[in-house]
Structures are given as structure tokens and as C-alpha cells.
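Student: Each chain, letter by letter, is given below.
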Amino acid sequence: MKFTIDWLKEHLDTKLNDQMIIDKLTNIGLEVESFESQQSEFDQFIVAKIINAEKHPNADRLSLCDVDIGQGKTVKVVCGAPNAKKNLYTVYAPPGALIPKSQTKLAISKIRGVTSYGMLCSESELKLSNESEGIIDLSSKKYTGEVGKKYFANKNPKVVDISITPNRADCLGLKGIARDLAAAGAGKLKKKNEDKIKFSGSQNIKVKIANDKNQGCTAFGSCLIKGIKNTDSPKWLRDKILSLGQKPISAVVDVTNYVMIDLNRPLHAYDADKIDQGIIVRNSKKGESFEALDNKKYTLEENMCVISDKSGVLGLGGIIGGTRSGTEKDTKNILLESAYFEPKSIRSTSKILNLETDAKYRFERGIDPNSINEGLIKAATLIQKICGGSISKLDISKNKKFNNTLIKFSLGLFQSITGFKVSDKETVKILLDLGFVVKKNKKIFNLTVPSWRPDITQPIDIVEEIVRIKGYDQIRTETPDKIRNKQTLNYQQKLFHFLQRSVASKGYYETVTWSFTDAKINKMFKEDKNEVRIVNPISSDLNVLRSSIFSNLLFYLKKNLDRDITDISLFEIGPVFTGKKPGQQEIVISALRSGMVSRLNWIEKERKVDVFDAKRDVIQSLIEVGLDQKKFHINSKVPNYYHPGKSGAIYQNSSSEKPVALFGEIHPNIIQKLDIKTEALIIFEIFLDKIGQFKNKLKDQKKKYQYSDFQKSERDFAFIIDKNFKVQELVKIISEIDEKLIRNVKIFDLYEGETIPGDKKSVALSVTIQSLEKSLNDQDLENINNLIISTVESKSGAKIRS
Amino acid sequence: MSDIIKIKKEYLSKLNNDLDLNSINQIKSELFGKSGKITNEFKKIGSISANERKKFAYDLNLAKDELQNIIENKLKDNEIKEINLKLQNEQVDVTLPERSFNRGRIHPVSQVIDEISSIFSEIGFSVAEGPDVENEYNNFTALNTPDNHPARDMHDTFYLDDKKEFLLRTHTSPVQIRTMQGGKPPFKIIAPGRTYRSDSDQTHAPMFHQVEGLHIDKNINMGHLKGCLNYFIKEFFEVDKIQMRFRPSHFPFTEPSAEVDIGYKLKNGKIIIGEGDKWLEILGCGMVHPNVLKNVKVDPLKYQGYAFGMGIDRLAMLKYGINDLRAFFETDYRWLNHFGFDPLDVPSNYRGLSR
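Line by line, the protein sequences are chains A and B.
Take the first sequence: its letter number 72 is residue 72 in my numbering, and every next letter is one higher.
Take the second sequence: its letter number 176 is residue 1176 in my numbering, and every next letter is one higher.
Note that these hints are calculated values from the structure, not bench results.
Heads up, some of the hints might be wrong.
As the list claims (entries may be wrong) - Here are the computed lysine to aspartate or glutamate pairs in the DMTMM-like style, where the Cα-Cα straight-line distance is at most 20 Å:
id, chain 1, residue 1, chain 2, residue 2
1, A, Lys-24, B, Asp-1261
2, A, Lys-482, B, Glu-1136
3, A, Lys-558, B, Glu-1330
4, A, Lys-581, B, Glu-1136
5, A, Lys-482, B, Asp-1217
Unchecked claim - Beyond 10 Å from chain B on every Cβ pair, some chain A residues (computed):
id, residue
6, Arg-112
7, Asn-333
8, Asn-485
9, Ser-515
10, Val-597
11, Lys-699
12, Asp-709
What the hints assert, rightly or not - Now the in silico label distances, taken between C-beta atoms and shown as ranges:
id, chain 1, residue 1, chain 2, residue 2, range
13, B, Glu-1098, A, Leu-698, 31 to 41 Å
14, A, Lys-774, B, Gly-1036, 11 to 21 Å
15, B, Pro-1300, A, Asp-473, 21 to 31 Å
16, B, Asn-1084, A, Ser-794, 38 to 48 Å
17, A, Asn-373, B, Gly-1276, 19 to 29 Å
18, B, Asp-1018, A, Thr-755, 51 to 61 Å
19, A, Ile-483, B, Pro-1300, 22 to 32 Å
Heads up, the beta-carbon is just placed ideally off N, CA and C, and yes, glycines get one too.
Assemble the whole structure, with the sequences as input and the hints as a guide.
Tutor: See below:
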């Protein structure tokens, strides 16, 4: 909402200066967004200094000037003036400036083969005098330090721009703003003398509000003004309209706009001669259409509130009028409308038609239903003053009586909510100033809410009014208690924070990407999950909720590779979605690593990242978060975006149904489809919601400390075994032989090749054997040795390599 | 002169020379080898008469110890000499780079969420969360924002179905609803998380982060709200003094409502929080509207309290001098490296919020 202080003062007697008014507005909840002059076309002319001038290479009379235009900028300007000399202070017009004398817009142009950025001005060009001999010579004394500043002072009045919250419909007019300021002690609300008006004749265009279901109009006031001469508005009115940043149109239209801003009372003027018999306010029928004043044709749905006549729709009530009955400069007789439309009806109609107008904005928030007469009289009087004519009696059709809201209020509530006291006397004064009718009965205030405050419906609203006017600075600052009754984070949240930092500590950069993604890329990672479409996406490549984080990670990996960054490690922790209902989401960590390890390294041999890098990072993180690696079960059942032969799934134990993590190389088809250019790309993901909560806290998990000081023996074995036989099983077979003696099994070599059949591999492992009870003698060791060999051979079909 | 003294004298003088390792070992075996001179002397002990034997043995041991000592010392000296000699050839250029290591990064949004959680933890808040996908009721209606309310227009909502029943939450406030529906007062929670609005330009991202606060108990008033926020802002920006301004505003789910500005000044183009004559809006808050309490079956005559919501990304920008919101979500590796945090930098109360 924009207005000038002068306009405000038409409603407010105040001794406050502008800045005090601005501060007051913000303090009572009418936030001032800006307070500055509307831009002027003269703003562009700035003080400049010629820092160098030389002869134009192709023209004797022209000079080529380097001009300092402030803020560290210099431009080249071609100038024909004889006095364009080094160190001259003058006035510069940049490209785009409108030159007052010629009324032409300056463009960047080539003058005799040299480009000139803007122009240095003479007094005559700026219409300051007839002096056209040479450019303006500003006194260097006065203008040193002024370079870059505006040459002309902006004479436009300063305009206040306040943002009005949706509850404050009443402050969409100057009168309402003045009332609020007056209540807050900024002055006195001016009482206007009722405009003296001489009615002649009655309003003889019949108005009927149809008895439709959910009729959007509850009152329709009107009067006829006959025999007018519609003209341009007088200067005072034009200036007001201009100060709002709007364009004056004609006296009739400008007056209705003026009254709307002044009183928050939207009006509409019809050319009375274009109305086909009477006015009917009714619900629209599906398919009806009309051309609105924005020159667009609208086809209506059912049950929109329309103003119509016998020939059809004239306009949408409270939203926009139609061209058929619009006023023009030659309009002789007008019908002025001042009506009340229901916010709900306005809102639903404008939403369907996607229509935004000043009237709609106001009616939607709630117009004072008792302002119909005031608006008609104020506008009719003004139109008569400017355009002449005679005003008919007012005609008010109503189908619903307005009742003010009544509220019982006690100051106890105020103190309980705000924490401080306010006296009865002050309370009464504030409420009276805001327009309430106040009756006090012992401790209870019986309040009648003013008709212009549809937002006030219950006692808490009264608390807000009083504290708002008293000032929020009256509220004390209570020191917070440092008592904690509940743990800050629950188990899942701790897991989140721990794993986030655990993965990052392995060299991955955390990123945050949108929760939505491109359906085309998402398909590659979706598996059998539902696709969750966004009905109104921000763009067609962000049109589904992500089923996996990888679609985004890979997209940004590619962007970074395109920036010539190599060897990238990225991860994100966040939601992925399995359905469109609340809760159909889970928390996942997805990570990727691309390129080489030890690229261009003088001491280490460079190699591609591989599946066992991914496995190391994911396993280490799982161990760090508290899982027991000994219980892990790993298989190669992975989604199809993984490389089928170089990837795995980790289960918390062998009876888990769902994996807690996946790792591996990404499927080469995906790299190819997304055109990702890197030597190697590995990924892993951890499903946080699949990690089971420990039954005990850490303090109870620590087992008794047991160690053995008896002789420890290492025995090495090499087994030749089927290529497909998993090492995990081999280790398990050996570990289970005697859990008390076999402390560790370590794989130290894997061999496939010449000396071994093609479908076999050789696995070399070292077994640590140690007893808790005694030193093992040679015979004991020999026994366990033989047991390992025979058990492995019988259970796995392996052969010990001799 | 006895043999012992003779041997001793002879070898002491031999050992007095500068000897190399071989010569020392040669001497060692001449004396202590299987048929070394000292060894042989020891063999004689048995054949010596009883009354002389004691003295003989004493002298012999003395001589043995002395010679042995000298030989051992000579050997050690020699080893050290050899090590020193070797060291001259064992020099590396330590200014060559170390073996490679990878240092990860925590995103500023995550870091700031941890900072916020740490601060509110100190004054008794716990962390609550809710789903990103919400139903229309929790996101709007329960929060006293019925369908025909113009405040709905202020949220450009992403919808997941044509009936507009399911949507991406436009704020973290539905977590208030879920928390209160699922429990009994008192409530004291913060709820950080992702929020979404279909708005995208230089200063708006379609996804951003908010943190919600809710404190409901029997006697919680606006003074507590002010105190809580004042504490938070001071702790978060790690300054001693903070200028804060509460301005009346409007949110459907709070009444009275306020927006909070903090004072700042510009110094060399950088925002300095805490002093100065300029105001920066950083959050919205208010007393939870009785209609909201009724909607979640909390008796507004018995319980009341405050709620607040603020933009996490914006807090991060202000604190760490980041001036482009969009960059938060663009995964530019260089940006992540520059503005990211070391994973070991866990904000905590005892160690301090940040380094």
C-alpha cells in the first residue's frame, strides 16, 4: 500500500515529523518497506568530470572525452562542444536518458566511427536556458566530490510503501491508517464534515440481487449522476494518482480509485446509457463470457457473482468491470456502484480465473459493510465538482443485515498472555480510539467490534490490539530456564548426526540438493517404487519427488566434472520418497566417489577408485556408528543401477530382511546415458531407518574385558575353491570350527590364473589361534590345523593347495 | 708376573688403539673364544691349589670384567660410528608432499542446524521432526489457515495431487501440530527441516530450511518468548550484545504475532550483527493461537505458549557471510570446500559453538 505523508495528513492531525510517523507505523504493525521518492526522469542526469579530452580521430570539431561518472567508472563520450576540456565538471546523460529538449531517448551510438556512451549536456538541451554554445561548465569548487551524484534534486514527493498483513483490511485505506496512528498517540483522527449533497431525483435503474444459493453480494448501493462532462482530472487528483505509481485515466475513473485508496472503499462506475434495462446481481452460468476492463475475455464457471443486465454479464462483482458498460471521455450519465461482496466468493472466483485486481484484493480481505453510503457520497460529490451533473438519491439494495461482532473481554487474559499490566483507563482509551464501543461491567469489558475490523472475532484478538498499540517494547525479557526434562535428540536423530559426520570424515563433501528431481533421471534409480509427481513443478525437469538421492548427485557430479574438477567425493543425507502420503519417506545417505586415488602422486601409485574403496568407507561408518562387523552378512542382491558384478548389499546380520547399506560401482549404462566423463565411479548408500536400535545404551554394551597372555600362533592356508564360492562363507566355516580358539581369519592373497583351473581361485588366509586357558602345544595345533583343512574341504569342496 | 696380569697388560695396550670392528672381534675371540686366553685361564681353576684358588679366581674375574667392558664399549662405539656413517646416505627431502589424505566437509546448513540444536538444548528444548510431505490439514487448516484465507496465497504451495490434499510442507509449523497431537503438554521442541515453496529467483529457492520452536506450558507468556529468542540470537551470533526489535505482525497460527529484527551495520560491505542503526528481519513468532490449541485438543484456558519460525539458510548466510542463497543447493565443489565445515567441528556447548 503506497501513499504520501501529505495525503495521510488529510486524515491525521499530527505534530510528528516524517521519520517519527514512519517509525510509529512500523511499531504498530504497519511495516514500512520503503520511504522514497518515485523515480524521476531527471534522476539519470549526473555530475561528471572530464578526465581526458583529445581530438576525434576522424573529425576536427569533435573531441573524444574520458569521463569520470563516479563509483569508479569512466566512459568514452564523443562531444562537439568547444569547451570540452580536461578537468571540466559538467552534466552527463547516460544511454537511455530522455533529453528534455528533443524528447528523444539517448542510445549508444557511433559518431564518425567512434562509439559514444551517453552525452555531455548543454543548458539548452536540459531546457535550463537557451545557452547552447558548449556544455554546462560546473564550478569545480562546488562540485568536487559530487561526481556521480544526481544533478537535479528529485522533486517528487516521498512515498511511503507499507506492507499490510492479510488481517488488516482496514489499513488498505488512508483513513484506517490514520485511525491506527491516532490510537497509538501519533495525533488526532480528523473528523470530516459530511459532504453537503443535493440529491435530485431518484436512482431509476432497477437493481435486483438475485436470491441465488451462496449469493456473493449482500448489499448493492448505487446512485446516478446525470449530465456530466468527463474530462482529465485536475492537477491535485492527477498528482495523487501519480504518487501511487498509477496512471491517471479520466476524472470518473480517477475519483473511484482515489476513494478506494482514501477510504478503502472500492467503487465501480458504469456508463448508465449502456446498461440494458436494470442491473441484476446473480450467479453466473457455466460458459457465460464477457470482456473485462483489462481487455481480456473471460469465460465463466458456474456460481460466480456477476453484475449483469438483460443482455448479459457486465462485470465480475468486486473484481473487475466490463468494457461493454465502461465509462469513456464522452460518457454523459454514470451509475456509481458501492457494494459488499463476500470474501469467500471473491476468493474462489478470482482463483479460478487467476485474476488479481485492487478491488479483489480489498474485498477478499473484508471491506467495511457500513461504508457503502460514505463511499457513494464522497465519490459522487467529487465527480460533480469536477464534471458537473446532478446526483440522484442513493439506492441501497440489501439481502442480509450486518451485525457487529460482540466480545466479552477481561484484562486478566491480557496480563496472562503478555506478562505485563495495563490499566483499565488506558485499555478503554485504546479501544475507543480504534473504534470499539466499550461498556464495562465490573471486570468484564463488553465490546462492540467496529464494522471495518472483520479480523477481530475473539478475546485474544483484543489482547493483540492493546499490546500492539501499547508497544511490544513494553514486554519484559524473561531469562530462560536451563532445565532439560527430555533428551535433545532421540536415537534416530543421533544416528543421523553421527553418520553424517562419519561419512564426511572419510573425505566426502556433504551437499544438500532438492527433494525433487527430473522424472527421466529418477526412473534410472526408482526400482519398483512409486513415482511421486508434483502437480505444479517449478520446472519440467524438477517434476517428481526423488526416489533416490543419486539422480541429483550424479547431475551435480557431471556439472563439477564439466568445471574440470576431478576426483570428486560427494554425499547427501536426506529423505527419499516412496509415496505421496505423509510418512512415505525414509532417510538415506547416498555417496559417490569418482576418478582416481593418488592422482599425479610422486610417492603413491595412482589407481582408479574401486568397489573396495566404497566397501571400506561404508563398513567403517557402520562400525563407527556401533554395528558389529562380525555379524554382517553380505550378498550381491543389489538394485539395477549398480554394476551387477561389482557391488554388494550389507545386512546387519544373516537373518535381516533388508540391507542396511549397499555399495559398488555404478552401472556402466547409467554413466553412458548421463554422459559422465570420469575414469571410475563408485557409490554407496546407507539406509538409516533400517538400522535397528540397540537394546542397551553404550554403558551397558561393554562386555567384560577378556584377554589371553598364552602363546598365540598364526597358521597360513591356501585353498583352491570354486570361483563363485564367497570368501565370506569360507571365513565363516573356519571361524565356526572352534570359536574359543580361532581368534581371527585374515585373507592375505587371492589368485586366479595359470597354475589353477579356470573355474577356480586360490584364497590364502592366515588363522590366528589362541586359547584363553593354556598354551597350546604342537599336538593341539596340529589337531586344529587338520580340523580346519578337513572341515573346509568337506563343507566347501575346496582343496588345500599343496 | 702371573699369566693373568700379562694377558691383561698385553690386551689393554692392544685395545688402546683405534680399532675397526674386525679387529675388536678378533681380540674378543682371542680372549673369550672357545680356546681363548681368558677362557683357558678359567679352565685352570680346577687344578689350582685350594689356598690359591680364591685369589686366582678373583683376579681372573676382575681381568675378565675389565677386558669385556672395554670390548663391549668399543663395539658399541663402533656401531654408532657405522650408523652415523649410514645416516649420511639416508637423507630425504622432507619438503616433498606427504602421502595423500582426503578431508571431508559438512554443509553449512547442517552445521547451523547442529549449532541451533546445541543452543536450544541448553535451555531445555528437544528436537522433533515431521515428514516433508504433509496433508493440507496439518499444513494449513489445523494452523488456523482455512481454505478461504488470503494467508494461503502467501505460500506458493507444491501439490502432489489435483485435489490438493497432499503437498510439500510450506513451513515447519505442521510439526507443531504433529507434536501436540501425539502427546500431552507441556511441549518444548524445536523442529528443523526442509520446507518448500514454488518460488524461484535470485533470493528464493524452491526448497529451503526452517526451524520451528514451540513451548507450551501453564504460564508461558510473551516475556518468555522474548527471553528465549534473545538468548538464542546472542548465542548463535556469538556476540555479547544484541539489539532486537519486536514488531507486531500477523500469522494465522499465532496471536499476538511478531516479527523480530536484529540490529546490524555494514562495515566494508560486510554485515556486522549486534550493533548499528539498521534492522534486519530474521524471524516470525507469537503466542500460539487458541484456535490451534483447540484443533489439537489442548485446552487454551489451561495451557498457552509461544511458537517461532526462522530461516536456517538465512541464519547461515548472516553468520558466515554467504551472500547467495541459491549457491547452497548447487553443489559447486569449490563452494562446498570454501563454506563447508570440518566434520570434527561438532558444535557443542562445552567445546563452543564454533572455532
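Student: The structure should be examined with respect to each hint, and the outcome stated for every one.
Tutor: To see whether the hints hold, each was checked on the structure:
With a CA separation close to 15 Å, the supplied pair Lys-24 of chain A and Asp-1261 of chain B stays within the 20 Å bound. With a C-alpha separation of about 36 Å, the suggested pairing of Lys-482 of chain A with Glu-1136 of chain B is violated against the 20 Å cut-off. Between Lys-558 of chain A and Glu-1330 of chain B, the direct Cα distance comes to roughly 12 Å. Compliance with the 20 Å bound is thereby established for this hinted pair. For the suggested pair Lys-581 of chain A and Glu-1136 of chain B, the alpha carbons sit about 11 Å apart, so the restraint of at most 20 Å is met.
Proposed proximity of Lys-482 of chain A and Asp-1217 of chain B is supported: the alpha carbons are some 15 Å apart, at most 20 Å. Residue-level check passed: Arg-112 of chain A sits 41 Å from the nearest beta carbon of chain B, beyond 10 Å. Residue-level check passed: Asn-333 of chain A sits 36 Å from the nearest beta carbon of chain B, beyond 10 Å. Asn-485 of chain A, annotated as away from the interface, has a beta carbon of chain B within 10 Å; the closest lies near 7 Å.
With a minimum CB-CB distance of about 6 Å to chain B, Ser-515 of chain A fails to clear the 10 Å threshold, and the non-interface call is violated. Residue-level check failed: Val-597 of chain A sits 8 Å from the nearest beta carbon of chain B, not beyond 10 Å. Look at Lys-699 of chain A: its CB is around 19 Å from the nearest CB on chain B, clear of 10 Å, so calling it non-interface holds up. Every CB of chain B lies more than 10 Å from the CB of Asp-709 of chain A, the least distance being 33 Å, so the non-interface label holds.
The hinted range of 31 to 41 Å is satisfied by Glu-1098 of chain B and Leu-698 of chain A, whose Cβ atoms lie roughly 34 Å apart. Distance hint for Lys-774 of chain A and Gly-1036 of chain B: a CB-CB separation of about 44 Å, inconsistent with the stated range 11 to 21 Å. In this structure, Pro-1300 of chain B and Asp-473 of chain A meet the distance hint of 21 to 31 Å, their C-beta atoms being roughly 26 Å apart. Checked against the given bound of 38 to 48 Å, the beta carbons of Asn-1084 of chain B and Ser-794 of chain A, roughly 60 Å apart, lie outside it.
Taking 19 to 29 Å as the suggested C-beta distance range, the pair Asn-373 of chain A and Gly-1276 of chain B does not conform, at roughly 50 Å. At about 57 Å, the beta-carbon gap between Asp-1018 of chain B and Thr-755 of chain A stays in the expected band of 51 to 61 Å. At roughly 24 Å, the beta-carbon separation of Ile-483 of chain A and Pro-1300 of chain B lies within the given 22 to 32 Å, and the hint holds.
The structure does not agree with the numbered hints 2, 8, 9, 10, 14, 16, 17 stated previously, though it agrees with the rest.
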